[in-house]
Amino acid sequence: MKSLTEHLWFEVPHRRGFVNITDTVARLVKKSGVKEGLCLVNAMHITASVFINDNESGLLHDYETWLERLAPEKPHSQYRHNGGEDNADAHLKRTIMGREVVVAITEGKLDFGPWEQIFYGEFDGKRRKRAMVKIIGE
Amino acid sequence: MKSLTEHLWFEVPHRRGFVNITDTVARLVKKSGVKEGLCLVNAMHITASVFINDNESGLLHDYETWLERLAPEKPHSQYRHNGGEDNADAHLKRTIMGREVVVAITEGKLDFGPWEQIFYGEFDGKRRKRAMVKIIGE
Amino acid sequence: MKSLTEHLWFEVPHRRGFVNITDTVARLVKKSGVKEGLCLVNAMHITASVFINDNESGLLHDYETWLERLAPEKPHSQYRHNGGEDNADAHLKRTIMGREVVVAITEGKLDFGPWEQIFYGEFDGKRRKRAMVKIIGE
Chain A
1 MKSLTEHLWF EVPHRRGFVN ITDTVARLVK KSGVKEGLCL VNAMHITASV
51 FINDNESGLL HDYETWLERL APEKPHSQYR HNGGEDNADA HLKRTIMGRE
101 VVVAITEGKL DFGPWEQIFY GEFDGKRRKR AMVKIIGE
Chain B
139 MKSLTEHLWF EVPHRRGFVN ITDTVARLVK KSGVKEGLCL VNAMHITASV
189 FINDNESGLL HDYETWLERL APEKPHSQYR HNGGEDNADA HLKRTIMGRE
239 VVVAITEGKL DFGPWEQIFY GEFDGKRRKR AMVKIIGE
Chain C
277 MKSLTEHLWF EVPHRRGFVN ITDTVARLVK KSGVKEGLCL VNAMHITASV
327 FINDNESGLL HDYETWLERL APEKPHSQYR HNGGEDNADA HLKRTIMGRE
377 VVVAITEGKL DFGPWEQIFY GEFDGKRRKR AMVKIIGE
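Protein chains in written order, with the numbering used here: chain A, 1 to 138; chain B, 139 to 276; chain C, 277 to 414.
Mixed in with the good hints, there may be bad ones.
Claimed, not checked - For lysine-lysine, the following DSS-like pairs were computed, each having C-alpha atoms within a straight-line distance of at most 25 Å:
(1) K31(A) with K140(B)
(2) K173(B) with K307(C)
(3) K2(A) with K350(C)
(4) K169(B) with K278(C)
(5) K350(C) with K140(B)
(6) K169(B) with K109(A)
(7) K385(C) with K2(A)
(8) K173(B) with K402(C)
(9) K306(C) with K2(A)
(10) K173(B) with K306(C)
(11) K35(A) with K278(C)
(12) K169(B) with K35(A)
(13) K2(A) with K169(B)
(14) K30(A) with K140(B)
(15) K31(A) with K385(C)
(16) K173(B) with K35(A)
(17) K140(B) with K109(A)
(18) K35(A) with K140(B)
(19) K168(B) with K35(A)
(20) K278(C) with K168(B)
(21) K311(C) with K31(A)
(22) K2(A) with K140(B)
(23) K278(C) with K173(B)
(24) K402(C) with K2(A)
Hints are computed from structural coordinates only; laboratory data are not their basis.
All chains, full assembly: derive it from the sequences and hints.
Dropping the structure here:
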């Protein structure tokens, strides 16, 4: 069994933002030498997400609006977590978007449908944060 | 390490619908010959979901109503993604339901609790779409 | 390839509650002898969740309030699933929180970010229920 572990670093300049990491993950799959296996990509911080959807700017804007409706940032006082913090909404937004994705590796490549792209979703940015890529297989 | 890769095809006749794929996945686990491992099942399209829940018609109806409340289809104009599309709500509904499931394989079988069933959830149907089954283990 | 399969049992005394299972899962990783691999933890019941977030009591209270807003328990009559049941909301709440997590194992340990903790989320308690831990790797 082969395995590869890498951390990806981000510093999103705003509180919220989306970063397309598909090419980076694809390069790591190649580097791993794994032909058949699984690729886990997860946020290592609990106010961020890794998810798969469409690389379309209108949709990414819709996500921002929709998440703000389901888990509004303000007023900060509505959340008990915000005693010493102001990021409770980021924990909830990431819960909807998901912590992680698991992608099949087939014949040495990410085995994707036509529009699947991997995103890092930041909900409490302006600081350095990490995601993990873990690949196992043969 | 053994592995198996198969695509499942769907053409749901309505915009939204749920298809129970548990027996199909169970057959593929048997076909793979894997006794101990993991089974990934994921939608390959970004307006569809693979999820695990109860095979109960009342609950599936509740999902439809509830998703329509959290991410309404109409008016289409409320979403920027709908410039050239009308399926922004399908991307959001699939986000709540999830892209994928990972199921343990133990002694050659899906290792399930008493009521767990795997569903393909379609939110933008009336076309041919795929899900993937990837099995790895020994 | 090595593998380990264990079931964790819970009997949460209230309808809803969160149980931190991080230390238990970490012990099972050690017991498995796996140095590089993946650890799947999933609820085996469809009204419960396994998720990763912060072990902070204010946040756990915020989850309770927020889930009750997105998928209210009452009136029970609002859900068709509640013909013979009263737990439709529990199926929906678990859908938002997620069925499972997949965690990387690196150098024999759960490869976690600084605040990641694994929780069992119960949404229809007062009975014995299970979660599964499945570890594969080398």
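Handout entry: 25 Å Cα cutoff - pair K350(C), K140(B)
Key = 48 Å, violated
Practice task
Assess, step by step, whether the Cα of K2(A) is no farther than 25 Å from the Cα of K140(B), and give holds or violated.
Solution key: This hinted pair holds, its Cα atoms lying about 13 Å apart.
Exercise for the section: Compare the distance between the alpha carbons of K402(C) and K2(A) with 25 Å, and conclude whether the hinted pair is satisfied. Expected result: 44 Å, violated
Exercise for the section: For the pair we were handed, K30(A) and K140(B), check the Cα-Cα distance against 25 Å. Expected result: 20 Å, holds
Problem - Restraint status (C-alpha distance of K173(B) to K402(C) at most 25 Å) - result: 34 Å, violated
Practice task
Would you mind confirming whether the straight-line C-alpha gap from K385(C) to K2(A) stays at or under 25 Å?
Solution key: 17 Å, holds
Practice task
With a cut-off of 25 Å on the C-alpha distance, tell me whether K311(C) and K31(A) pass.
Solution key: Status holds; Cα separation ~20 Å.
Exercise for the section: Would you check the hint for K306(C) and K2(A), treating anything up to 25 Å between C-alpha atoms as holding? Expected result: It holds: about 20 Å lies between the C-alpha atoms, which stays within 25 Å.
Practice task
Mind checking the alpha carbons of K173(B) and K35(A) for me, to see if they're no more than 25 Å apart?
Solution key: 21 Å, holds
Practice task
Below or equal to 25 Å on CA atoms is what counts here, so check K2(A) against K169(B).
Solution key: At roughly 24 Å apart (the allowed maximum being 25 Å), K169(B) and K2(A) satisfy the hint.
Practice task
Sort out whether K140(B) lies within 25 Å of K31(A), counting only the CA atoms.
Solution key: 21 Å, holds
Problem - Holds or violated: K173(B) to K307(C), with C-alpha atoms at most 25 Å apart - result: Within the cut-off at roughly 20 Å; holds.
Violation of the numbered hints given earlier is confined to hints 3, 5, 8 and 24; the remaining hints are satisfied by the structure.
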